[in-house]
Structure formats: C-alpha cells, structure tokens
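Engineer: Chain residues, written in single-letter form:
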Amino acid sequence: MKLQVTQENLNRALGSVARVANTRNTLPILANVLIKTSNNRLSLSATNLDIAITHYIGAKVSDEGSITVPARLMQDFINSLPDGVINLQLDDSKLKIKTDQYQSTVNGIAADDFPVMPAITTGESWTVSASTLKKGLQQVVFAASNDETRPVLTAVLLHTSGGELRMAATDSYRLAEKNIGKNNNDIHLLIPASAMHDLLRILGDGTDDVHITHDDQQVLFQVGDVELVTRLVDGKYPDYQKLIPTSFSTEATLKRADLVNVTKVSSLFARESAGSVTIELSEENQTLSIRSVASQLGENTAEATAKVSGEGSITLNSKYLLDALSVLSSDEVIFSFNGKLEATLLREADNKDYNHIIMPLKG
Amino acid sequence: MQKDSLWQAVLGEIELSVSRGNYVTYFKNTRLLKYDAATATIGVPNVFLRGTLERKYAGLIRETLLKNGIAPTSLEFTVSSAPKSNRDKEEEADEVVFIPSVSAAPQTAGAPAPNQASPNQGGMTGMPRPASGPMSAPGSGMGGLSHSYRQGINERYTFDNFIVGSGNELAFAACQSIAQQPGRKYNPLFLYGGVGIGKTHLIQAVGNAVLAQNPRARVLYVTTEQFVQEFVDALRFRKTADFAAHYRTADVLIVDDVQFIAGKEKMQEEFFHTFNALHQANCQIILSSDKPPKEIPTLEDRLRSRFAWGMSIDMQIPDFETRCAIVQTKAQTHNVVLNNEVVEYLANSVTTNIRELEGALNQLLAFCEMRGLEPSLSIVSSVISAAKTRPKHLSAKQIIERTARHFQVPIEDMLGPKRDKDIVVPRQIAMYMLRSELHLSFPKIARELGRKDHTTAIHSVEKIEKESKLDADLRSTLSEIKERLYA
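Taken in order, these protein sequences are the chains called A and B.
The first sequence begins at 59 in this note's numbering and counts up one residue at a time.
The second sequence begins at 143 in this note's numbering and counts up one residue at a time.
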C-alpha cells in the first residue's frame with residue numbers, strides 16, 4: 059500500500075471513526091483502525107462489534123493495500139501534524155507515515171484479522187434530512203436509559219405510526235417523543251442510544267440527506283462519506299403512546315426562559331432532596347410558582363407569570379425538568395398535568411411535534 | 143441436550159486453536175441450533191460476529207465438527223439471542239411496566255434520604271422515586287423498579303431447594319422467621335461456618351422470600367468485596383453521600399463474607415454507620431462469615447459487639463444423611479435418578495464441602511451423558527476416585543501433628559504413655575482421623591501412636607464415631623482439623 063492524502067482529510071476521518079475503537083475490549087485488534095484503499099479512495103473503519111463506522115476520503119493511491127493501526131496513537135499523531143500532504147506506505151506490517159518534517163513508523167496488525175464488517179444486502183431503504191434527524195435526536199436520545207438490565211430501554215425507538223416517522227426514548231422516569239415527518243415505509247427499529255450519540259457526532263452541521271437502510275438485525279446510516287452500521291436491540295418496546303396523556307386538568311403556557319430561570323434557582327435548594335421541586339399553578343393569579351425545601355439550608359419559592367387554566371400542584375425532579383426545557387426550542391412552552399400522581403407533559407407552544415413526559419415524584 | 147454437549151466439545155477444541163481474545167469475542171456465546179446431514183445451523187449473538195465467523199472461521203468449525211463425527215455439507219449462521227435473553231424477552235413482554243412505579247413507603251421511616259439509586263451505578267446517580275404509578279401500562283400492576291433493589295439476588299437460591307439437616311436447621315429456621323418478618327427478630331443475623339456449606343444459599347433465600355412477599359422491598363445483597371470496592375469508588379468520585387444513602391435506605395441488607403472487612407479501618411467505620419442507621423430503623427441486616435465475630439482478626443470492637451448483637455449461628459458441615467439428600471435433590475434437578483449405592487458413594491467421598499459435592503455430582507453426570515451411560519457404582523467410583531482430592535502427601539504423621547497442634551499438646555505427649563484426659567482425647571481423635579482419612583488398619587493406627595494393643599485403636603475410633611454423632615462441638619473440632627489438613 060502506498061498513497062498520498064491530505065492531513066485535513068485524514069484527520070477528519072480519524073476524528074469520526076477513532077472514538078469507536080476502544081482498548082478495553084478483549085480483542086486487541088478492536089483498538090485499531092482499519093485503513094484500506096478502494097477505488098482510488100481511502101476508507102478508515104473502526105468497530106466495537108456493536109457499531110461500526112467507516113469514513114471514505116479522497117486519496118492519491120499508487121499501490122492498493124490495507125492495514126490496521128492503533129486508533130488512538132494514529133489520531134493523536136495525525137492531529138498534531140501541520141496541514142499538508144501525508145505519505146503513507148506499508149512495509150510488511152509497519153505503516154510508514156511521512157511528511158516534510160515528520161517521519162514515523164507505526165506497528166500494525168494485518169487487516170485480515172480485523173472483524174468482517176457486516177453488510178446489508180437486502181433491506182428497506184429510505185432517506186431523511188440530516189438537520190431534521192439531528193434536531194430529533196438531540197431532543198430524544200438523552201431520555202434513553204443506561205441501565206443494561208433492561209436492554210430495550212437503552213434503545214431509541216424509530217418507528218412509523220399513522221404515516222409519520224417518530225422517534226422515542228424513555229428511561230421509565232421520563233419519555234421523549236419526536237415526530238420527524240411523513241414516511242410511508244413500515245419501520246420499527248430499536249437502535250442503541252450509544253450508536254445514536256455517535257450518529258449525532260457524525261451528523262455535525264451537514265445538511266445532506268441521510269440514507270438509512272435496515273434489515274431485522276442491523277441498520278446502516280449513510281451521511282455523506284461516512285457510514286455507520288449498528289446492531290439493533292432485540293426485544294419488545296413498551297407501547298408508549300398509550301401513556302401520553304391527551305387531556306389535562308391543569309395547563310400553563312409561559313416563556314421558556316422564565317421557567318428555566320425559576321427552575322434553576324429552585325434546584326439549588328433541591329440538591330438534598332434528589333432535585334425535588336414542587337410546582338403550583340394558580341388560575342386566579344395567573345402564576346406558576348415553584349418551591350423547594352432543603353431541611354438544612356432553607357427554602358426557596360419563585361414565581362413566573364403564565365397563562366393558566368385549572369389549579370393544582372405537582373412535584374418533579376428539577377434535573378429532568380431542566381433537561382427537557384433545554385431541548386425545547388420555542389419561546390413559549392406548555393406545561394400540563396392531571397393531578398399529583400400522573401404524568402406531566404411539556405411541549406412547545408407553536409407545534410405538537412415534540413412531547414416530553416416526566417413522572418412526578420412522590421410528594 | 144445432545145447438540146449442546148456436542149457444541150461444547152467443538153468449542154473446547156476451538157478454544158485451544160484460536161487466541162483467547164478471538165475465542166471470547168467470537169465463539170463464546172454461540173450455540174448449535176440444529177444439524178443434520180445437509181446443514182449445521184449455528185446461532186450467533188450479534189450480527190457483527192456473523193460475517194467474521196462465516197468468512198474466517200467456517201473452515202475451522204467444519205473441521206472440528208468433522209472430528210466430532212458430523213460432516214454437514216454446509217454451515218449456516220443466524221443471529222439469535224442466547225437462551226437467557228429469550229427468557230428475559232418473554233418476561234418483558236408480560237410485565238413491561240413502562241414507567242415503573244414505587245408506592246410502598248420506605249420502612250426506614252426516620253431516614254430522610256429519598257435517594258434511590260440504580261444498582262449498577264452503585265448509587266452514583268441519584269434517581270428520584272416516582273410516585274405511584276398511573277403511568278404503568280395497562281395490565282401490568284407490578285413495579286419493574288424492584289429490579290433496582292434486587293441487587294445481587296440470585297433467584298435460584300430459595301428456601302425450597304435448601305436441604306435442611308442437623309447442621310443447619312437452626313440457621314434455616316432463623317432465616318425463615320426473618321423472611322416472614324424482616325427486622326423484627328434476630329437483627330442482625332450472623333451466620334458463620336466453613337466454605338461451601340450453604341451460607342450464601344440461605345441468606346440469598348431470605349432475600350428472595352422477602353421479595354416474593356413484597357416485590358417492592360429494597361433488598362440489597364453485596365459481598366464485602368463489592369461493598370469495599372463501591373466505597374473506594376465513592377471516595378474517589380466524591381460521592382460518599384450517595385453511597386451512604388444507597389445503603390442506608392435498604393429494607394434488607396445482606397452482606398456476604400463479612401470477614402474480609404478485617405483490617406480495613408475506614409471501611410469498618412463506614413460499615414459501622416450503615417449498620418447503625420439500618421438497625422435503628424429496624425431494617426433487617428444479615429451477615430455471613432467464615433468465622434464467628436470474636437475470631438475475626440483486627441475487627442474493631444464496636445463492630446464485633448454489634449455483629450454478635452442479634453443472633454449468631456454456627457452452620458455445621460452436613461451429616462451423611464443430609465449429604466445424601468443433597469445429592470438426590472441435585473440429581474433430580476438434572477432429571478436423573480440415581481440409585482442408593484451411587485448416592486451413598488458420592489456422599490461418602492466428599493465430606494466437607496457441599497460445593498465440592500455438587501462438583502463431583504456434575505462431573506459424574508457429565509461423564510455419563512457424554513458417553514450415554516447410566517450412572518452406576520463402578521462408573522462413579524472410577525470417575526470420582528480419579529478426581530478425589532485426597533492429596534497424596536498426607537501422611538499419618540501429619541495428621542497426628544495437626545491434631546496435636548489443634549489441641550496445643552506436645553506431640554511427644556500424644557505418642558508417649560501419659561493418660562491425662564487432655565492428652566487422651568486428642569489421641570483418640572488422631573486415631574479416628576487416621577482411620578477415617580487414611581483408612582489405616584487398627585494395628586497400624588496403634589503403632590503410629592505408640593500403643594501396643596490394637597483394641598485401644600478400635601475403642602478410640604468407635605468412641606469418637608459415636609460421640610461425634612451426639613456432640614456438635616466435637617463435630618466442629620473434627621471438621622476444623624480436616625479443613626486444615628486439606629487446606
């Protein structure tokens with residue numbers, strides 16, 4: 059293998075794949091990145107056997123070939139090189155990296171030992187715009203659980219319902235659901251949330267379409283020159299739609315910034331009580347007041363004006379409330395609930411695409 | 143069953159010919175789903191492994207299958223989850239509780255900490271406790287959250303499959319009454335006894351029984367090693383408050399192998415506070431150890447006295463009848479019926495440790511299954527004697543020395559003419575041990591201990607045999623000496 063590639067391209071490609079490679083695995087080669095020439099392009103791949111990312115970059119290839127080298131070392135090294143052309147040459151299992159100023163040799167492991175990347179040969183294929191997907195993921199993924207004892211909840215559900223593509227995640231204390239537009243395919247995918255974090259990273263600020271292909275075990279996302287394949291989570295996702303309340307006894311519409319402020323202040327006094335804050339809506343005063351008590355420190359009450367219908371109070375975890383508010387993008391938000399023990403719904407005032415549910419705390 | 147053992151044999155061979163990392167990554171969780179003359183179908187846990195197995199290891203698998211007598215014309219790999227996760231899936235389908243709910247008020251009435259942490263994070267991230275559950279999916283009443291507190295409890299250990307014998311009936315009864323009313327009686331319960339006699343089984347059974355009655359009870363089972371590790375992590379990440387809150391809100395705290403806390407001062411202090419918090423809130427504490435509290439070295443006095451506060455129970459090595467019952471019950475769980483000869487042989491060949499007894503049984507069953515034989519006395523004697531753990535170096539002299547050391551009498555006195563009571567009993571025990579462990583003849587035993595008459599030896603062995611049936615102290619002395627001998 060012998061080729062020339064720009065530092066910028068190589069660095070970008072390593073940036074998107076190297077994170078997947080990790081050294082904690084039992085199989086040493088999984089800490090490596092696979093560098094391979096194909097059709098006058100260079101592909102870099104890494105996998106942890108749950109997900110695999112491949113990034114294609116342009117290169118001037120003189121001799122075809124492939125090798126795997128330690129991902130971290132390679133990334134750190136290439137990252138610290140100046141802009142310019144880098145020469146890569148393979149000599150046995152040693153990769154020689156050469157620029158005007160630097161020369162180094164990295165010991166690799168033969169590419170034959172690298173796991174065979176799964177290929178999706180048959181399966182449905184569809185596209186979605188990168189910006190929509192990114193927005194949706196940002197609003198949903200964080201709600202997924204990281205408790206491995208219930209694997210389905212560590213996944214993000216991507217499914218079609220009523221001709222619309224929806225994304226949902228829950229850790230059983232809160233639930234986020236986003237409608238990301240029309241789609242006529244029949245889709246039901248349980249994608250590990252960790253893979254979705256990687257996808258978010260790859261999506262960057264791109265505006266292209268994302269091509270998605272899936273069969274019943276894996277799903278492939280193609281974003282420009284990057285491909286991400288992940289296994290799907292096996293299991294039955296709870297029928298979450300039943301759990302989103304549709305009518306409410308109490309509802310408030312108010313400025314998002316106001317609610318964020320009062321919640322933040324209140325959460326300072328809620329550290330001792332696992333973030334527990336009590337929100338009270340008053341129709342008479344048209345206010346939302348929020349109260350937290352720290353038995354040692356004191357207590358706090360804050361108020362914000364709001365358009366309120368119905369009376370009532372509810373106790374929530376302020377961390378969950380702030381998480382939800384930070385991903386709502388409208389100026390005004392709607393905060394609604396049915397009594398002390400039932401789910402609270404947060405959504406944007408100007409559209410119904412995003413639903414965020416938080417379970418109350420026992421008061 | 144047959145294809146599983148065939149696949150085990152295949153994997154065993156493959157393990158030797160590929161690197162450890164490759165084996166663990168690619169082969170460990172595979173299964174042979176079915177095979178006939180045409181195809182063998184191999185279940186792979188993950189789609190990422192399939193490609194590599196197909197392209198790189200198909201040849202090796204085919205070769206190894208051939209060696210084990212089957213030669214399918216083609217190999218197929220399909221992604222299928224392990225049987226275990228299949229079971230999980232079914233459970234989930236039944237009881238997926240979507241937003242789970244905890245309504246049971248904590249029994250720790252006085253404890254203010256509402257911090258309920260998920261188990262695998264060891265209390266590092268505080269999870270709030272959701273209110274009672276209008277959000278649970280229809281038809282699923284039970285809280286899924288009890289999972290979080292089912293830490294470390296293995297559902298296999300129940301009272302039903304615990305075999306009660308003379309050595310453990312007190313412990314069993316105490317545990318059962320605790321399971322009915324945690325925190326009311328015998329708090330703390332301190333179980334101690336040698337290796338592999340069922341301490342862990344019993345204390346886990348309490349956890350399971352409590353959970354069966356009240357699925358929302360917060361039952362925490364930790365080994366001391368785990369407790370220490372989590373504490374160290376908590377110190378490192380400055381989360382000691384979370385750590386304390388996690389443990390101090392348990393309804394039942396079960397700590398296994400508590401003797402390992404010896405010598406860890408800071409740890410003992412933390413444990414002391416946890417202990418006090420729980421004990422004051424009338425929450426049940428169950429401890430197990432291989433020694434009684436007063437014999438754990440470098441244990442702080444305040445802990446020592448607290449450990450012995452409730453009830454300390456010595457678990458004894460099971461007697462012959464109990465061991466027979468154990469063998470029979472274990473065989474039944476494997477759907478095998480053993481005849482009495484075999485059972486008695488097994489119960490006789492492993493006397494000190496139930497775990498080893500189970501091991502011997504498993505060995506026998508595996509041997510018979512692989513060769514398609516019925517277990518019989520001749521098979522069991524050939525299998526077990528081959529594996530019998532009697533160290534060859536054990537000599538009569540060592541037994542006498544060990545016995546003398548145990549009673550702290552000079553070995554010369556043991557061999558000499560003295561007939562004081564404190565010499566005679568150790569001497570008799572030594573004779574008994576020579577007979578039971580080395581199967582020496584009576585005249586030989588008499589000679590070893592400097593006696594002229596072999597009837598002395600006969601009398602001694604019989605006496606100890608008889609007394610050990612009646613006297614628990616003597617039994618524990620015997621087993622202690624034995625344990626040291628084989629340690």
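Among these hints, one or two may not hold up.
[Said to hold, decoys possible] Derived coverage of chain A by chain B (criterion: at least 3 residues anywhere in the stretch with Cβ under 8 Å from a Cβ of chain B; other residues may be distant):
| hint | region |
| --- | --- |
| 1 | 72-86 |
| 2 | 106-117 |
| 3 | 304-314 |
Simulated from the structure, these hints should not be mistaken for laboratory data.
We treat Cβ as the ideally placed atom computed from N, Cα and C, and that holds for glycine.
Engineer: Against this structure, judge whether each hint is valid.
Structural biologist: How the hints compare with the structure:
{"no.": "1", "hint": "72-86", "verdict": "holds (count 4)"}
{"no.": "2", "hint": "106-117", "verdict": "holds (count 3)"}
{"no.": "3", "hint": "304-314", "verdict": "violated (count 0)"}
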